[in-house]
Amino acid sequence: MSSYTSTVEVPAGVTLPIYMDNHATSPLDPRVLEAMMPYFTSKFGNAASRNHSFGWEAEKGVETAREQIAKLIGATAKEIIFTSGATESNNLAIKGIAEMYRERGNHIITQVTEHKAVLDTCKRLEKYGYRVTYLPVKADGLIDIEDLKRAIDDKTILVTIMAANNEIGVLQPIREIGKLCHEKGVIFHTDAVQIVGKVPFNVVADNVDVASISGHKIYGPKGVGALYVRRRNPRVQIAAQIDGGGHERGMRSGTLNVPGIVGLGKACEIAMQEMDSEAAYLRGLRDRLKAKFEAELDYVHVNGNMEHRLPGNLNMSFVYVEGESLLMGINDVAVSSGSACTSATLEPSYVLKALGLGDDVAHSSIRFGLGRFNTQAEVDYVAAKVIEIVKHLRQLSPLYEMVQEGIDLSKIAWTAH
Amino acid sequence: MAYSDKVIDHYNNPRNVGQLDKSSTEVGTGLVGAPECGDVMRLQIKVNPETQVIEDAKFKTFGCGSAIASSSLATEWIKGRTVDDALAIKNTDIVKELSLPPVKIHCSVLAEDAIRAAIGDWKKKNGVAETVESTSTSAAAAQAQ
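Chains as they are written, first to last, in my numbering: chain L, 1285 to 1701; chain H, 12 to 156.
Hints may contain errors.
What the hints assert, rightly or not - A short list of chain L residues far from chain H (calculated; beta carbon distances all over 12 Å):
1. Gly1358
2. Ala1361
3. Ser1368
4. Lys1379
5. Arg1459
6. Glu1467
7. Ala1523
8. Gly1529
9. Ala1563
10. Lys1576
11. His1585
12. Ala1661
13. Asp1664
To be verified - Reference listing, derived: stretches of chain L covered by chain H, where coverage requires no fewer than 3 residues with Cβ under 8 Å from a Cβ of chain H:
14. 1286-1293
15. 1595-1606
16. 1637-1644
17. 1686-1699
Hint data in this document are derived by calculation from the structure and do not stem from the laboratory.
Ideal Cβ positions, reconstructed from N, Cα and C, are used throughout, including at glycine.
Next up, chain L with everything else stripped away, as it sits in the complex (with noise of 0.2 Å):
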């Protein structure tokens, strides 16, 4: 029969919902809450008052986790500057950059799966008369560092290529193409929001100019970011965007947010201590859900480079199965898909399509992002409810059927609607 009643058991020590989009946001770790705390509430003070105790014990807990942010990603603790997001910090290193080196050229060069805040912001300057290349990306979603190679003219100025995907998890060859800017005399900057603190990032061993990081995606506050601005080999300079009373060398003006900051710094050093052994882990936790799924389900792959790619990122399409009634079957578990239906645009995701999927596969794809917190036992239920949800479907999908019965799919004429 076609009817559903779920009959995977929860196991002992797991509550529902299940978080599993920690490429989305991450929760915070209690430990960081636990430094934020007093500057909440006793040490309340504004860190840019000079003549005070309280201004000097908010200026000390910023400095701190500016030097705990540099320590994490092989900078100096000068090269950091506070933001209230990735979104801004990309904002502010690719206008303020273009800003700055107008006079030099006009050219910049990303790629078409960064996130919207680096393609949007690169739209806006098109509009201001900046050419930009979009690179594409091999259909295991890496760019061709010859594409790059042969995209750089003497007009560019700025090569942004982010450093890992956040919907494939799949990390660009930042090292190389680090290397090359250098060797051209072009400014690398790099959306480093998802690789910080997940596996290993050095600005200096890696060719990175400016990178973009994030609070919350580290288990971390939201509403804070950070921005690394390289000091020497070479200097880069960034025009502000927004004005006022001069903070972070001039570069980001308003009062800093020290409770966040002293958050993401915490973060920061947790990431340090702990990295490694949570790469292993997770890396353990998504090989288990994929191998599950593969023993299950025909007609499943993964999507983007299985090899470059974040430990806890897996990004599979369930072929037949449209994503959003899948997920309409797991509500107790919170992942996220590429499928058009679940975005307000109705157009399915656009990093998929990048990659040469078809529009259908894409509509079938399903992120998980394992995090810290997760257990193997969620892993566990989390696989079992899939596997059965899509057992489900395929008995509704008449894709599923037309293919046992060997029909090409490919030959229908169909009407798009």
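Start from chain L and add chain H according to the hints.
For chain H alone, kept in the frame of chain L given last:
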């Protein structure tokens, strides 16, 4: 997005899932939508040649919960109706019954299209003049081949 109880009920207990013999002259098949759009519905009817009453209806749908519910509901509603009565079902009736939000109205439109396509296919097979313009017979015809 929150789903109405009726959508959830059709999702968990879809009515009339399955396949009818598409080569039978009594059966009309409508295949509408496209995988690229994230919605494909196949709706089939079995029509009594004497009374023109739809005696059986089956569906399979690839799509979101609202699409599944719309087509499931459509099969429920057309069973027992005459072909002409079934054509009177409007997508807005489905929207109302399932409390579909604006962003899901296209699911109901597709279900209406599926009914029309199935009836159109049956009429074509049986030499009955087309009374209603069907937009979706090409896909059905392609599948029937």
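Structure-based check of each hint:
1. Gly1358: The claim stands: Gly1358 of chain L keeps its Cβ more than 12 Å from every Cβ of chain H (closest is about 43 Å).
2. Ala1361: holds, 45 Å
3. Ser1368: holds, 29 Å
4. Lys1379: holds, 33 Å
5. Arg1459: holds, 37 Å
6. Glu1467: Correct as stated: the minimum Cβ-Cβ distance to chain H is 42 Å, above 12 Å.
7. Ala1523: holds, 41 Å
8. Gly1529: Check passes; 43 Å lies beyond 12 Å.
9. Ala1563: Its Cβ never comes within 12 Å of chain H, the nearest being 34 Å, so this holds.
10. Lys1576: Check passes; 23 Å lies beyond 12 Å.
11. His1585: holds, 16 Å
12. Ala1661: Holds: least Cβ distance 25 Å, greater than 12 Å.
13. Asp1664: For Asp1664 of chain L, whose nearest Cβ neighbour in chain H is about 23 Å away, the distance exceeds 12 Å, so it holds.
14. 1286-1293: holds (count 4)
15. 1595-1606: The restraint on the region 1595-1606 of chain L holds, since 3 of its residues have a Cβ under 8 Å from chain H and three suffice.
16. 1637-1644: With 3 residues close enough to chain H, the hint holds.
17. 1686-1699: holds (count 8)
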